[in-house]
Every structure is written in C-alpha cells, then in structure tokens.
Amino acid sequence: MQKFTLTSSDKIRFVSLSLIPPSKMLIKVKTLTGKEVELDIEHNERVSRLKEKIEEKEGIPPAQQRLIFSGKQMNDDKGVDEYRIAAGSVLHLVLALRGGF
Numbered sequence: 000m001q002k003f004t005l006t007s008s009d010k011i012r013f014v015s016l017s018l019i020p021p022s023k024m025l026i027k028v029k030t031l032t033g034k035e036v037e038l039d040i041e042h043n044e045r046v047s048r049l050k051e052k053i054e055e056k057e058g059i060p061p062a063q064q065r066l067i068f069s070g071k072q073m074n075d076d077k078g079v080d081e082y083r084i085a086a087g088s089v090l091h092l093v094l095a096l097r098g099g100f
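Position 49 of the sequence shown, counted from 1, bears residue number 48 in numbering that gives the first Met the number 0, the numbering being contiguous throughout.
Just to be clear, a hint being listed does not mean it is correct.
Dumping the calculated SDA-like pairs for lysine to any residue here, alpha-carbon to alpha-carbon at most 25 Å [as the list claims (entries may be wrong)]: (1) 71 / 86; (2) 34 / 71; (3) 77 / 63; (4) 23 / 82; (5) 23 / 86; (6) 29 / 61; (7) 23 / 96; (8) 52 / 74; (9) 27 / 6; (10) 56 / 70; (11) 56 / 85; (12) 52 / 96; (13) 52 / 62; (14) 71 / 33; (15) 23 / 51; (16) 29 / 88; (17) 29 / 83; (18) 71 / 48; (19) 52 / 30; (20) 27 / 59; (21) 29 / 42; (22) 29 / 44.
Taking CB as the label site, the calculated pair distances span [stated by the list, open to error]: (23) 7 / 37: 49 to 59 Å; (24) 12 / 35: 44 to 54 Å; (25) 29 / 60: 14 to 24 Å.
I should point out that these hints are in silico values taken from the structure, not numbers from a laboratory.
The beta-carbon is built from N, C-alpha and C at its ideal position, and this holds for glycine as well.
Produce the entire structure from the sequences given, and follow the hints as far as they go.
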C-alpha cells in the first residue's frame, strides 16, 4: 500500500457513488407442494407481471394466484421494489380456488 503525505494546501476530491440496483434479479416462487420456480425479474416489475411469468412457466392463471412475501399478500398494482424484494428472495404461491354450490 502506498502512503501519501498531505499538507494544508493540498486538495482532496471526494466522489459520491450512488448504489444503483441491477436492473434484473433472480427470485424464487415456492408452491404449497414445495416446488420452486425461478424467475428473472426487473427490480421495479409489477406483481401482476410476476403472475404472468408464473402462468407462462406453470400454466396457472393470474386470477388464481396469490403471492405472499414476508407474511403479506402482494398487491397486483405494486412493484416488487415496494416490498423490498431482492435477488434470492423467496415468494410463496397460494392458489385461490373458487368454491361453489
């Protein structure tokens, strides 16, 4: 490591780096049967789009899907960033089946 000697007439420039999250991240969706589905998503993607991706992979219509993260049901109109979902997060998929008589 190199040492530098500073005097009162020296100028130091500080550079501020903002932490920009990567645009894509990999998350997992776990079903009640224990099956895990990996999804490559944008950090600001809408929950409704996640459900569409699950339908593409698993054939489950979005209307029948309920996604749970940190014990809370996720709202279709919100972005995953609003739930603080990060790369490696695990969401839980519950099916909302309609009963009838």
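Checklist line | Index of numbered hints that the structure contradicts, given in increasing order | finding: Violated: hints 7 and 9.
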